[in-house]
Amino acid sequence: MAHPDLAKLEAIAREGRVQIIRMLTHAGSGHPGGSLSAIDILTTIYFNRLRYDAKRPDWEDRDRFILSKGHCVPAQYYCMAKAGYFPMERTITLRKMGSPLQGHPDRVMLPGIEAATGSLGQGIGISMGLALGLKLAGKEARVYCVMGDGETQEGQVWESFMSAPKLGAPDRHLDNLCVILDYNGIQLDGFVKKIMDLEPIVDKLKAFGWPVLDINGHDIAQVDKALDQAETIKGAPTFIVAHTVKGKGVSFMENDPEWHGKAPKPAEAVEAIRQIVGEPVPAWVEPIINELQALEKK
Amino acid sequence: MPAKASRAAFGEALIELGAKDERIVTVDADLSKSTMTAKFAKTYPARAFNVGIAESGMIGLAAGLALAGRVPFACSFACFLVGRFETIRVSVAYSNAPVKLVGTHVGIAIGEDGYSQMGLEDIACIRSLPNIPIVQPADEIETRQAVAYAVDHAGPIYLRLTRQNLEPVHDEHYRFRFGQADLLRPGTDVTILATGGPLFNALEAAKKLAGESVNAEVLNVATIKPLDEEAILRSAGKTGRVVTVEDHSIHGGLGSAMAEMLSEVMPTPLKRIAVTTFGESGDFKGLYAKHGLDPDGIAKTVLKFLNR
Numbered sequence: 030m031a032h033p034d035l036a037k038l039e040a041i042a043r044e045g046r047v048q049i050i051r052m053l054t055h056a057g058s059g060h061p062g063g064s065l066s067a068i069d070i071l072t073t074i075y076f077n078r079l080r081y082d083a084k085r086p087d088w089e090d091r092d093r094f095i096l097s098k099g100h101c102v103p104a105q106y107y108c109m110a111k112a113g114y115f116p117m118e119r120t121i122t123l124r125k126m127g128s129p130l131q132g133h134p135d136r137v138m139l140p141g142i143e144a145a146t147g148s149l150g151q152g153i154g155i156s157m158g159l160a161l162g163l164k165l166a167g168k169e170a171r172v173y174c175v176m177g178d179g180e181t182q183e184g185q186v187w188e189s190f191m192s193a194p195k196l197g198a199p200d201r202h203l204d205n206l207c208v209i210l211d212y213n214g215i216q217l218d219g220f221v222k223k224i225m226d227l228e229p230i231v232d233k234l235k236a237f238g239w240p241v242l243d244i245n246g247h248d249i250a251q252v253d254k255a256l257d258q259a260e261t262i263k264g265a266p267t268f269i270v271a272h273t274v275k276g277k278g279v280s281f282m283e284n285d286p287e288w289h290g291k292a293p294k295p296a297e298a299v300e301a302i303r304q305i306v307g308e309p310v311p312a313w314v315e316p317i318i319n320e321l322q323a324l325e326k327k
Numbered sequence: 071m072p073a074k075a076s077r078a079a080f081g082e083a084l085i086e087l088g089a090k091d092e093r094i095v096t097v098d099a100d101l102s103k104s105t106m107t108a109k110f111a112k113t114y115p116a117r118a119f120n121v122g123i124a125e126s127g128m129i130g131l132a133a134g135l136a137l138a139g140r141v142p143f144a145c146s147f148a149c150f151l152v153g154r155f156e157t158i159r160v161s162v163a164y165s166n167a168p169v170k171l172v173g174t175h176v177g178i179a180i181g182e183d184g185y186s187q188m189g190l191e192d193i194a195c196i197r198s199l200p201n202i203p204i205v206q207p208a209d210e211i212e213t214r215q216a217v218a219y220a221v222d223h224a225g226p227i228y229l230r231l232t233r234q235n236l237e238p239v240h241d242e243h244y245r246f247r248f249g250q251a252d253l254l255r256p257g258t259d260v261t262i263l264a265t266g267g268p269l270f271n272a273l274e275a276a277k278k279l280a281g282e283s284v285n286a287e288v289l290n291v292a293t294i295k296p297l298d299e300e301a302i303l304r305s306a307g308k309t310g311r312v313v314t315v316e317d318h319s320i321h322g323g324l325g326s327a328m329a330e331m332l333s334e335v336m337p338t339p340l341k342r343i344a345v346t347t348f349g350e351s352g353d354f355k356g357l358y359a360k361h362g363l364d365p366d367g368i369a370k371t372v373l374k375f376l377n378r
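Protein sequence lines correspond, in order, to chains A and Y. So the mapping is simple: our numbering equals the position in the first sequence, first residue as 1, plus 29. So the mapping is simple: our numbering equals the position in the second sequence, first residue as 1, plus 70.
Quick caveat, the hints were computed from the structure, so don't treat them as lab data. Owing to the predicted nature of the structure, the values given are computational and were not obtained by experimental measurement. Check before you lean on any hint, since a few could be wrong.
Straight-line alpha carbon distances no greater than 25 Å define the calculated BS3-like cross-link-like pairs of lysine-lysine that follow [to be verified]:
id	chain 1	residue 1	chain 2	residue 2
1	A	LYS235	A	LYS263
2	A	LYS195	A	LYS37
3	Y	LYS341	Y	LYS308
4	Y	LYS90	A	LYS168
5	Y	LYS277	Y	LYS74
6	A	LYS195	Y	LYS112
7	Y	LYS360	Y	LYS277
8	Y	LYS278	Y	LYS295
9	Y	LYS360	Y	LYS295
10	Y	LYS103	A	LYS195
11	Y	LYS374	Y	LYS355
12	Y	LYS109	A	LYS195
Derived coverage of chain A by chain Y (criterion: at least 3 residues anywhere in the stretch with Cβ under 8 Å from a Cβ of chain Y; other residues may be distant) [unchecked claim]:
id	stretch
13	52 to 58
14	129 to 140
15	154 to 162
16	187 to 195
Each residue gets a CB set at the ideal place from its N, CA and C atoms; glycine is no exception.
Whenever a hint applies, use it, and build me the whole structure from the sequences.
So this is what it looks like as structure tokens:
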């Protein structure tokens with residue numbers, strides 16, 4: 030990929046954090062922590078990696094993106110809106126009756142979503158199938174799967190970890206697949222380490238036959254470089270362990286399991302957005318703050 | 071035509087279809103010798119994938135393959151397939167991924183292996199999911215056509231296949247039509263709706279009933295979902311009595327589907343013949359006799375139901 034315009038990508042991710050907070054506040058429910066931990070990764074994938082045509086979501090040669098941690102779909106809805114799949118204003122219909130922006134991704138209702146996810150641990154299997162199917166069809170397209178650390182505890186994930194590096198042998202290995210772990214360390218009930226530790230995850234994956242890259246998932250330059258490397262690795266899919274902070278960018282959400290699955294109240298949202306954009310508040314953010322303040326008065 | 075297991079007819083049909091259609095692939099979980107896809111794998115090694123004993127992984131892989139435009143047949147024993155219900159529910163049904171789910175070794179008819187290997191709840195499970203129809207062919211000729219239909223069907227589909235040989239109930243002119251029940255024996259006194267393994271026994275029972283002056287109508291319900299309501303209501307309206315026969319749990323199978331439909335649309339006295347307990351080891355004919363799925367058992371139940 031071309032040398033990334035880091036300032037531009039960071040600006041997109043910053044706007045993403047604002048829009049995530051905005052849509053979750055309108056929805057009154059949802060998952061801010063994991064959406065904020067994943068947004069730098071998704072920004073890099075959507076805006077410096079993935080080949081797609083937002084006007085032709087079923088374009089055959091497109092790269093595929095699967096968000097296995099489906100509860101963090103606000104981050105994906107933002108990226109899709111920013112990329113032109115639908116207007117940004119539609120993001121505030123998240124979780125509302127009749128909206129294609131379901132609480133977890135719905136492939137049938139929303140073109141551009143490649144598979145229904147949200148029942149955890151299933152995205153990696155679908156991603157492997159997509160990668161294998163693309164190879165069988167002679168396509169150059171690649172598959173990117175972002176998964177969560179909590180869902181890594183699922184049995185199907187380990188079935189997939191075992192088979193992915195071996196599938197497609199001898200000449201169709203899934204080197205068109207890149208799996209990125211959003212390793213924020215927190216799941217619904219608390220800290221992953223305390224509930225069911227994944228460590229040593231890098232060693233485990235290597236033992237299963239995966240090339241593994243270990244990076245900071247909030248450093249867009251690192252994310253982009255890892256995605257570059259993944260494209261050069263042949264004969265096996267690549268696994269990127271991306272260390273992240275749950276709730277990244279909002280001080281009172283960071284590293285707090287309480288913010289796994291709770292929407293901010295309007296006043297909290299305004300405070301969160303002010304932290305994300307800093308002072309002075311940019312002009313494009315002011316209407317969003319006004320809108321959220323109006324929501325509070327309702 | 072000699073008797074043949076529907077899993078065997080499936081395996082043969084798939085090889086023929088695979089020659090014409092490059093999109094067809096198989097995904098197995100270490101049971102390809104039993105689901106009869108092993109020969110497909112030998113014929114088309116680059117289009118057959120075995121993930122080991124990992125059915126969730128198999129179903130997930132198949133969902134992705136289907137969404138990438140392949141036509142994957144994901145095969146295992148029916149019980150192990152629906153044992154991974156959550157993956158079927160989201161990766162296949164909700165994603166509307168056109169996976170061809172194939173569950174073999176259905177019912178108590180598998181015999182000696184006993185309950186843990188018997189598909190007895192698969193219809194109940196799949197029936198609760200939108201997007202996935204259920205087809206259970208009754209003999210070789212129907213199986214071959216049902217497999218060909220599955221390839222053409224635009225969405226996901228579930229094929230329910232037997233381990234045991236099935237006596238033919240159709241001649242070579244038979245044409246399978248998805249969503250349609252076929253009338254195998256016209257009658258006036260009672261409608262017997264049967265599917266899969268025990269269908270042949272239902273026909274034998276009808277012959278016995280004729281000797282008792284009961285003129286039974288027998289329909290083959292190969293498409294269990296969606297039901298052919300029109301044909302079933304036409305028959306039930308004529309006879310006024312309905313009996314269902316299936317090698318599946320009495321909860322949630324064809325009998326349940328019929329009870330739901332009839333009670334809403336045209337309340338009709340109904341008797342369900344199905345498996346009411348866990349399965350158990352034994353020989354297939356002995357088990358069918360014990361569970362009332364043999365010709366004598368079916369005939370007796372029908373006579374009692376008709377107060378004869």
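Can you name, in rising order, the numbers of the hints this structure does not satisfy?
2, 8, 9, 13
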